[in-house]
Amino acid sequence: MTDMTDTSRPGRAFAGLAKRPARLTVPAPRLLLGLAAPAALLVLWELLIRFGVVTGRLTPPPSKIFATIGALASSGELATHVAATLARVGLGFAIGAAAGTLAGAVAGATPFLRRLLDPTLQALRAIPSIAWVPLFILWLGIFEASKIALIAVGVFFPVYLGVMGAILSIDRKTLEVGRVFRLSRVETVRRILLPAVLPSWIVSLRSGLGLGFMFVVAAEFMGASEGLGYLLVDGQQLGKPDQILAAIIVFALLGKLCDALLVGAAKPFLRWQDTAAASL
Amino acid sequence: MLSIHKLSKTYANGAHALEAIDLSLQPGAITAIVGGSGCGKSTLLRLIAGLDQASEGTIRMGRDLIREPHPDIGIIFQEPRLLPWLTVADNVGFGLRGRPAEEREALVANILAQIGLGGYAARWPRELSGGQQQRVAIARALVANPKALLLDEPFSALDMVTRQGLHQQLLALWSARKPTILMVTHDVDEAVLLADRIIVMKPNPGRIATVIDNPQARPRDRLASGFERAQREVIAALDRTMRGGEAAPVEAVGGWW
Numbered sequence: 001m002t003d004m005t006d007t008s009r010p011g012r013a014f015a016g017l018a019k020r021p022a023r024l025t026v027p028a029p030r031l032l033l034g035l036a037a038p039a040a041l042l043v044l045w046e047l048l049i050r051f052g053v054v055t056g057r058l059t060p061p062p063s064k065i066f067a068t069i070g071a072l073a074s075s076g077e078l079a080t081h082v083a084a085t086l087a088r089v090g091l092g093f094a095i096g097a098a099a100g101t102l103a104g105a106v107a108g109a110t111p112f113l114r115r116l117l118d119p120t121l122q123a124l125r126a127i128p129s130i131a132w133v134p135l136f137i138l139w140l141g142i143f144e145a146s147k148i149a150l151i152a153v154g155v156f157f158p159v160y161l162g163v164m165g166a167i168l169s170i171d172r173k174t175l176e177v178g179r180v181f182r183l184s185r186v187e188t189v190r191r192i193l194l195p196a197v198l199p200s201w202i203v204s205l206r207s208g209l210g211l212g213f214m215f216v217v218a219a220e221f222m223g224a225s226e227g228l229g230y231l232l233v234d235g236q237q238l239g240k241p242d243q244i245l246a247a248i249i250v251f252a253l254l255g256k257l258c259d260a261l262l263v264g265a266a267k268p269f270l271r272w273q274d275t276a277a278a279s280l
Numbered sequence: 001m002l003s004i005h006k007l008s009k010t011y012a013n014g015a016h017a018l019e020a021i022d023l024s025l026q027p028g029a030i031t032a033i034v035g036g037s038g039c040g041k042s043t044l045l046r047l048i049a050g051l052d053q054a055s056e057g058t059i060r061m062g063r064d065l066i067r068e069p070h071p072d073i074g075i076i077f078q079e080p081r082l083l084p085w086l087t088v089a090d091n092v093g094f095g096l097r098g099r100p101a102e103e104r105e106a107l108v109a110n111i112l113a114q115i116g117l118g119g120y121a122a123r124w125p126r127e128l129s130g131g132q133q134q135r136v137a138i139a140r141a142l143v144a145n146p147k148a149l150l151l152d153e154p155f156s157a158l159d160m161v162t163r164q165g166l167h168q169q170l171l172a173l174w175s176a177r178k179p180t181i182l183m184v185t186h187d188v189d190e191a192v193l194l195a196d197r198i199i200v201m202k203p204n205p206g207r208i209a210t211v212i213d214n215p216q217a218r219p220r221d222r223l224a225s226g227f228e229r230a231q232r233e234v235i236a237a238l239d240r241t242m243r244g245g246e247a248a249p250v251e252a253v254g255g256w257w
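Which chain is which? The protein sequence lines are A and B, in order. The numbering used here puts the first residue of the first sequence at 1, with every later residue one more than the last. The numbering used here puts the first residue of the second sequence at 1, with every later residue one more than the last.
In case anyone wonders, no lab produced these hints; they're calculated from the structure. Just so it is clear, CB atoms sit at the ideal spot from N, CA and C, and this is done for glycine as well. Mixed in with the good hints there might be a few duds.
[As the list claims (entries may be wrong)] Here are the in silico distance ranges between beta carbons for each label pair:
1) I235/B x L113/A: 48 to 56 Å
2) A113/B x K173/A: 25 to 33 Å
3) G14/B x L261/A: 52 to 60 Å
[Unchecked claim] Covered stretches of chain A, as calculated for chain B (at least 3 residues, CB under 8 Å):
4) 173–180
5) 268–274
I would like the entire structure built from these sequences, with the hints used as guidance.
What follows is the structure, encoded as structure tokens:
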């Protein structure tokens with residue numbers, strides 16, 4: 001028998017038996033590959049306008065859009081708008097993710113509560129987000145609370161569904177391992193349920209975060225005086241397509257950055273997954 | 001030791017899986033259960049493991065009545081059931097909670113060395129072959145030195161070479177620790193190679209048809225005439241149960257040599 005000794009990677013509880021360091025960096029070639037498609041699109045776009053194939057009146061060239069971003073950044077305006085949007089998404093995401101996780105866990109683990117709550121929540125999930133806007137404004141006013149509530153609603157449902165589905169799909173045989181070793185209910189949750197649910201939870205958080213960014217635009221359309229959504233509305237009202245596109249690009253960068261942060265934070269806990277390298 | 005009295009199991013859907021099983025396992029011996037599909041072999045093992053509840057009858061481990069998993073009874077399933085988020089070492093040490101870290105680590109390192117996986121402590125289960133995963137499952141079940149070990153067809157999904165290697169490793173671990181082993185198998189060769197006693201079960205409902213003693217000396221030789229005779233006797237007993245032949249009284253069954 002070949003004994004493939006590997007002492008460079010530690011187990012968690014048995015650190016003395018082995019060592020397994022985390023690798024959190026994204027390899028440079030993969031990063032460059034990910035940038036290739038948008039870079040090519042921007043170059044093509046710029047060239048089409050420079051060579052007069054299209055006028056660029058309503059689709060200004062990337063150079064102008066980046067100049068607008070630069071101007072907004074140097075004036076400090078961009079930071080204000082980004083901070084406002086991030087604060088709303090962050091708070092709405094935290095509330096929606098916490099509530100979704102709790103409701104999903106309760107519904108997944110308790111058949112009675114699932115039968116009680118799930119039909120109502122599924123019906124609420126079918127309501128278009130924009131339909132909540134007048135109600136939230138009426139209930140919570142035009143300022144921050146209604147915006148954050150709208151984002152939280154958007155984040156809640158994918159997280160709720162993800163957590164509940166993950167709990168319901170845990171293999172009975174895996175739970176039986178806990179029974180064989182006489183784990184208490186708390187130990188079963190900590191040592192089996194939580195790790196088993198973690199990959200689906202991360203996926204649902206990523207979906208929730210994506211929806212959070214989608215909903216913040218709707219939220220900032222309703223009477224905001226700052227935020228990237230406000231920049232969009234302002235650009236439309238003043239006929240500044242470069243500002244609209246600048247806001248869209250900043251949205252894309254922020255969304256990607258937040259998703260990457262979430263994935264990076266989760267990665268050390270998902271190294272055991274067979275598919276982790278491919279899907280994350 | 002492990003004793004079973006008038007054990008019956010009827011499921012909620014009315015399926016009568018087991019009827020009036022009486023069995024007493026000799027301490028430190030290996031007993032194999034063979035029988036056709038649906039004769040209640042795995043049900044019996046699950047009841048002894050405390051994973052299911054009997055409809056009637058009792059199971060005792062020493063003086064303890066078994067109604068739920070017992071610390072002195074380990075079980076190995078057909079599939080390894082390793083927890084994919086734990087390394088090999090953490091899987092093996094899964095049942096050692098409450099013990100000092102140094103003791104846990106020493107026990108895990110010791111048994112991993114015994115099963116030839118000393119260098120695999122930090123690997124994830126997905127990085128192991130099927131045979132290696134099953135060895136880790138055996139180590140996990142044995143690391144706490146249970147007095148009884150139940151095996152539910154643990155080698156059936158493996159290829160012949162791997163299976164034979166695992167037979168030898170199981171025997172080596174058993175020789176060193178001497179747990180009482182009760183194993184379910186479809187493989188007559190495996191039963192004759194490993195077991196001191198072979199219980200042949202018959203279905204509808206599951207009952208003990210015959211108990212065959214197998215006092216061959218160890219290590220056993222598959223090519224020895226005694227081995228072949230034992231195989232023929234078990235196969236003949238299985239044939240009788242398939243044809244609906246009457247079960248021989250347990251007391252009347254002796255060896256074949």
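Quick rundown of the hints versus the structure:
1. I235/B x L113/A: 48 to 56 Å: Given about 54 Å between the Cβ atoms, the range holds.
2. A113/B x K173/A: 25 to 33 Å: At 28 Å between Cβs, range holds.
3. G14/B x L261/A: 52 to 60 Å: holds (56 Å)
4. 173–180: Result for this restraint: holds, n = 6.
5. 268–274: Coverage by chain B holds for the segment 268–274 of chain A (4 residues, Cβ < 8 Å).
Every hint from the earlier list agrees with this structure, and none is contradicted.
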